[in-house]
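Q: Listed in order, the protein sequences are those of chains A and B.
This note's numbering applies: residue 1 is where the first sequence begins, and numbers increase by one.
This note's numbering applies: residue 1 is where the second sequence begins, and numbers increase by one.
Incorrect hints may have been included.
As the list claims (entries may be wrong) - So the derived list for chain A, only partly shown, Cβ under 8 Å to chain B, looks like this:
id, residue
1, L37
2, T57
3, P60
4, Y79
5, K82
6, S93
7, I101
8, F102
9, S105
10, Q116
11, L118
12, L135
13, E148
14, Y157
Hint data in this document are derived by calculation from the structure and do not stem from the laboratory.
Keep in mind that this is a model prediction, so the values were computed, not measured.
Even glycine gets a Cβ: it sits at the ideal position worked out from N, Cα and C.
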Amino acid sequence: MERRVALKGMAAAMGAMAVLPAWASGWSKETLTKRALLPAEQSKILAGMVESIIPKTDTPGAGELGVGDFVQKMVKDCYDKKTQDNLAKGVDSLESQSMKIFGKSFADAGKDQKIQLLQEMEKSSDPDQKAFFGLVKNLTIQGYMSSEYVMTNLTHYEMIPARYHGCVPIKQ
Amino acid sequence: MANFNIDSKKARTYDAIVIGSGISGGWSAKELTERGLKTLVLERGRDVQHITDYPTTNMMPWEFEHRERMPLAITEANPIVSRCYNFKESSAHFFVKDNEHPYVQEKPFDWIRGYQVGGKSLLWARQTQRWSKYDFEGPARDKFAVEWPIGYDDIAPWYSHVEKFAGITGNKDGLDTLPDGEFMTPHDLNCVEKYFKEQVSKQYKDRHMIIGRAAHITDPQQIHLDQGRAKCQNRTMCERGCPFGGYFSSNASTIPWAMKTGNMTLRPHSVVHSVIYDEKKQKVTGVRVIDANTKEMMEFYANIIFVNAAALNTNLILMNSISSRFPNGLGNDSGVLGKYVAFHNYRASISGEYEGFLDSTTDGRRPNSGYIPRFRNVYKQETDFLRGYAAGFGADRRTSTDRSGMGESLKSNLLKTNYGNWSVGSHMMGETIPKESNYVALDKDLKDAYGIPQLKISVGYDDNDEKMVKDYIEQVTEMFTNAGFKNIRANDGNRAPGNDIHEMGGVRMGKDPKTSMLNKWNQLHAAKNVFVTDGACMTSTSTQNPSLSYMAFSARAVDHAVKEMKAKNL
């Protein structure tokens with residue numbers, strides 16, 4: 001009985017979810033614009049950067065999982081103007097470093113070349129560059145770990161645990 | 001035309017009107033309709049139907065485009081509601097925007113509101129601890145506010161009544177300071193919480209740590225299945241609305257139950273302007289409502305009015321109900337309306353770590369936590385401040401990942417869980433002393449979008465609160481230290497009153513009409529067919545999360561009202 005009632009409820013709720021009513025998104029509609037933060041060229045460089053931070057192996061990397069767009073969306077909607085400007089500035093300086101050192105765009109640089117450029121940025125004495133790298137890395141990790149692919153296939157997120165056990169041995 | 005008016009008036013006449021559909025209004029509606037009264041329930045916000053109007057309830061974490069974080073433009077435009085712990089992408093639609101219903105802060109006060117059918121019952125923390133006799137006896141013993149007109153024995157059967165229906169999980173702990181109720185299977189305490197419980201009992205004869213009593217169904221009874229509710233599935237995303245009805249809300253429980261009787265008319269988008277006092281009949285006859293969509297003012301009539309608009313809005317409505325008989329607000333012969341407002345002091349918290357049970361962790365999720373009932377000044381006055389505090393307590397196995405570097409090593413490290421120490425934490429829930437100087441009033445000039453005066457809130461901490469924060473930090477630090485916890489850190493969060501969402505009083509109960517608004521049945525002394533059973537009625541606050549008491553007051557008051565009506569006294 002209990003299970004039947006629950007499943008009935010779930011089914012109804014699933015149906016309701018397909019389209020959010022206007023009042024449910026009323027908070028963001030009036031305040032958020034749909035435009036992207038970075039132009040296409042810079043977006044491509046950012047996508048290359050997140051893929052370098054978490055690359056494709058036998059499972060998809062951050063680039064393939066769309067984490068570059070997630071980073072942009074977060075910075076655009078949840079961070080101040082200064083941070084937004086620094087994101088664009090950071091992408092530009094990554095590109096100019098790549099041109100200077102390797103004579104090609106970051107997007108075209110080799111895997112190790114990209115890592116080298118990013119490591120230099122991580123260690124940079126310029127606080128803006130350091131902040132840029134830290135921000136993108138943190139958001140990349142957040143976007144990757146909370147992506148559908150990772151939560152479904154790798155970390156096995158449970159929407160409905162239906163239990164709490166207070167003391168269980170750790171499985172190593 | 002005359003006939004039309006009579007018919008129209010008849011169509012707008014009910015046996016009872018309930019203002020508000022939150023925790024207390026839902027209960028008033030259920031109890032009134034079950035007793036056969038044709039009842040109009042007025043709700044200022046939109047309708048929220050159980051399940052179908054929980055748009056985020058089954059969304060996966062990755063479906064929230066900002067992963068539950070609120071965009072900067074929203075938090076900057078809404079600093080008040082953004083400070084609420086429960087305000088996030090999945091629940092924002094159940095909160096009131098700062099500019100939607102403005103108010104005047106004479107002192108910083110975070111007024112957190114939910115304007116929809118169900119009110120804040122969709123958003124509450126679901127903790128349901130009973131008051132004990134020591135709580136009701138507080139004001140009389142310690143000589144503050146006024147004496148409660150009722151004691152524990154008056155309310156105990158009504159606690160049982162509402163607990164059985166709402167569904168409460170808890171353990172029968174046998175404490176006189178926190179009476180047992182009608183409990184279903186308790187949630188587990190985890191290893192470190194059990195350890196702390198033993199340590200506390202060993203070291204203090206009058207202190208205890210127990211699993212919280214909470215409005216979650218852990219062992220469904222027929223009465224819950226009859227409501228269409230099922231066992232709590234431990235999702236711990238209650239603030240989205242629960243498709244299982246696993247926790248108690250008006251939406252899952254009392255409102256559909258009242259609807260099923262066929263006696264309830266639910267009218268959303270109905271902003272109550274005032275309660276009507278008929279000077280000729282010398283009694284309250286109904287309610288003035290502004291339709292939120294059309295802005296049209298209309299009147300509804302009934303023999304009995306329950307004001308359950310949530311504590312401060314109930315104050316506002318009564319203050320805005322002016323007549324020649326009541327020039328200072330309905331029932332306000334005493335002049336205490338709006339005064340003696342109090343809240344719970346949630347300012348301080350303490351965290352630490354425990355290095356034991358390192359081979360163990362928890363499994364699943366728990367919509368509940370540990371609870372330390374008040375131990376200060378319970379049996380006698382023993383400190384330099386009045387009353388005391390309860391405290392939350394919880395432990396969790398801390399995990400971390402190695403986030404250094406980048407590339408393939410980072411990627412594989414992110415998927416490895418490293419277990420650290422257990423983290424432990426506690427937060428205080430302090431009783432505050434109602435004072436005349438902590439008040440709400442109508443602003444003389446400012447009006448809201450409906451032309452109703454804005455509420456001016458002047459509520460702050462006092463010296464008693466400061467001393468209590470200090471004592472909580474000292475005592476719980478000592479309890480943590482004695483239990484062998486390390487890295488103990490106390491935090492005085494500087495939280496404004498209101499952020500606890502436990503504002504109470506302003507329409508207090510009392511024995512004497514000269515010093516109180518309501519009698520022992522929650523009736524206005526001076527207008528006996530008006531009942532107030534939400535947080536506004538509270539004479540003092542004690543330390544327990546108050547909703548369970550509002551439910552019990554509502555059910556008890558309806559029972560009395562209907563008996564009085566049948567005896568032709570109302």
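Q: Checked against the structure, which of the hints given earlier come out wrong?
A: As far as the earlier hints go, 1, 3, 5, 6, 7, 8, 9, 10 and 12 are violated by this structure, in ascending order.
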